[in-house]
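**Q** Residue numbers (this note's numbering), protein chains in the order written: chain H, 1 to 365; chain U, 1 to 365.
Incorrect hints may have been included.
[What the hints assert, rightly or not] In silico contact screen, one side only, chain H against chain U (beta carbon under 8 Å); selected entries:
(1) His-255
(2) Cys-265
(3) Ala-270
(4) Asp-271
The set of hints was computed from the structure by calculation and includes no laboratory data. Quick caveat: nothing in here was measured; it's all calculated off a predicted structure. Ideal Cβ placement from N, Cα and C applies to all residues, glycine included.
Here's the letter readout for the chains.
2 protein chains.
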Amino acid sequence: MGALIADEGAATVWDALRTGRRPRIPEKGPVDTYERRFERWRAQAAGVDPDTLLSAAAESGIRLVVPGDPGWPSQLDQLAEHRPYALWVRGVHDLRHACLRSVAVVGARAASAYGLHVAGELAWALAERTWSTVSGGAYGIDGAAHRGTLAGGAPTVAVLAGGLDLSYPRGHESLFADIAARGTLVSEHPMGTSPTRHGFLVRNRIIAALTPGTVVVEAGLRSGALNTARHAQELRRVLMAVPGPVTSALSAGCHRLLREWRAVCVTDAADITEHVAHIGDHMRPGTGTAMARDGLDEESRRVLDAVPERSGAGTATIAATAGIDLDAALGRLGLLAAGGFIERTLSGWRVRSGSSGDTGDRVRP
Amino acid sequence: MGALIADEGAATVWDALRTGRRPRIPEKGPVDTYERRFERWRAQAAGVDPDTLLSAAAESGIRLVVPGDPGWPSQLDQLAEHRPYALWVRGVHDLRHACLRSVAVVGARAASAYGLHVAGELAWALAERTWSTVSGGAYGIDGAAHRGTLAGGAPTVAVLAGGLDLSYPRGHESLFADIAARGTLVSEHPMGTSPTRHGFLVRNRIIAALTPGTVVVEAGLRSGALNTARHAQELRRVLMAVPGPVTSALSAGCHRLLREWRAVCVTDAADITEHVAHIGDHMRPGTGTAMARDGLDEESRRVLDAVPERSGAGTATIAATAGIDLDAALGRLGLLAAGGFIERTLSGWRVRSGSSGDTGDRVRP
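Please model the entire structure based on the sequences and the hints provided.
**A** In structure tokens:
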């Protein structure tokens, strides 16, 4: 469906589903699968009345934001065919704006007192530095992060796995009311949709994609937070983990991320903003990538300029071109790689295709 | 003095100090500094009677081990001019043998209950896997590590900063008696020497050099354990850190090591042995390096063989030569670098000169 909408546009696809006139077959995938899927979509679409959905939502203060709208968070475009078709949004903030300076703070539902304390403190201290948080609205770490951000006076974004009218979990009904009043509630599902296990997992990609970095506060080895962490890595966002006592199973997932060098170790809000601010405070609209080259500090930009587009270059060559010493270059290259600007290939460092650092971006708007 | 002994041999230097006949001037350093130092050493040597020292030590069950003795831990030779001239040793174990499968476990003196628990548990679990510990005999983490190892039935090595007859700190008198009975006490200072602040710091180089890896269990930002960590890094040993609550100042040093990618995150004994065993269980005598190429696993050895001696090579070239895939090669290269076998240079990976992987070592004994 994502590929079809990308090819044909949402209006054309909707029209096709209502009339039964299939658009031309997309190039990917076998024809019979496509035909079967199209019939399934038709059946699903048959029960949908967009006008009723929209007017019921509007009565509950819920609006629909679609790609191309001014409030559409263009960093989601990096999800490509997994980009949400649209987002239902409730709250006072423009969603895109609320995520400009944001960090995803995620973790276990059955968190420990330690985890709840750390999540709340981090979110509060981030809010003091005017950074907002994005999380999943669940019990435990998610809730502590949302509350900490609101207490610190910044907006928080809760990405829910069901309809925004349902308040799942029930115990967060008043928290969600607070978020609607002082932050933003988001879902890709229309009103009335109950969350499913699958829904929670695919929701995590949105949390990771909305933010330049994800912090895992407390996570067991099988925690859903590690799913969000994997999305953050795949999207080349900064992945951070908070350590905890090695005697706590709830920190085992964080420690594994650290042990495998997948996440950087962060212990306070200053650590976190250092990592994401290096990459740039700004999300740039309209490029299909999340992080803006223009938001990089001077030295990182010099290093990025020294990284070739196609054939890779060694660290020494890049350091020499950028005119900085090798240690500094190594540090910057690491940060740029963590930020998805560049990648290490067989032949050395090169600009990641499709990243904000690529050719198209060299010409400043 | 270290350089002089290396050039002339200890017996010649001692003879010169007693007679006042200066050996030829070493090439390094200005002549007048050398002459002033020589006179200072003469004055110090004047009060020393080796025979009395040795016989008094022997009466206390303390023996002197010097470079070249069968029990000399040749991994200390990597300290070059900072190698101890000799070591006073007390205990049932051959010092070299006691360090064959050992890990340095270090940390804060004013440790928390968490740190003491973790140090003791780690040391005990390492002992169960027949790994011994080396530490500094201090209160806190050191003491917990020594005790844990003894409880687990393995020998432990305490490297003290003063004479072995002094039992510093006093409260560890019975612990030191246990170690003398079931492990080894070591000092580079003769009987009667009180430890000094400087003595504690230079002692740390021996702890790091005796072992293939150092684990920092709990350390504040200004902890002496971070000094041992720096020695371990400079000696290219594996540096490991145990995370803890971010709310604890006593874990801040460990977290800094993790944040700066200087140490690997370890949470249990299996993590630790995985990191040091990859590098090799065996210390090889007589090479001036700590870790034996022969102790490497098959794949690491293939990768090491594929790393050039002089001009560096890229990861892809090395992977191709070794016949393993790029990801596996990257992992092995990281471990080999952590183990001091290879280094990353301007032109790529190459064998570290003086390492167990260098030319002299390619011809197996």
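**Q** Work down the list of hints and note, for each, if the structure agrees.
**A** Results of checking the hints against the structure:
Satisfaction of the interface hint for His-255/H is found here, the shortest Cβ-Cβ separation to chain U being roughly 5 Å, below the 8 Å cut-off. Because the closest C-beta pair between Cys-265/H and chain U is about 4 Å apart, less than 8 Å, the hint holds. Against a cut-off of 8 Å between C-beta atoms, the interface hint on Ala-270/H is violated, since the closest Cβ of chain U lies about 11 Å away. The interface hint given for Asp-271/H is met, as the beta carbon of that residue sits about 7 Å from the closest beta carbon of chain U, less than 8 Å.
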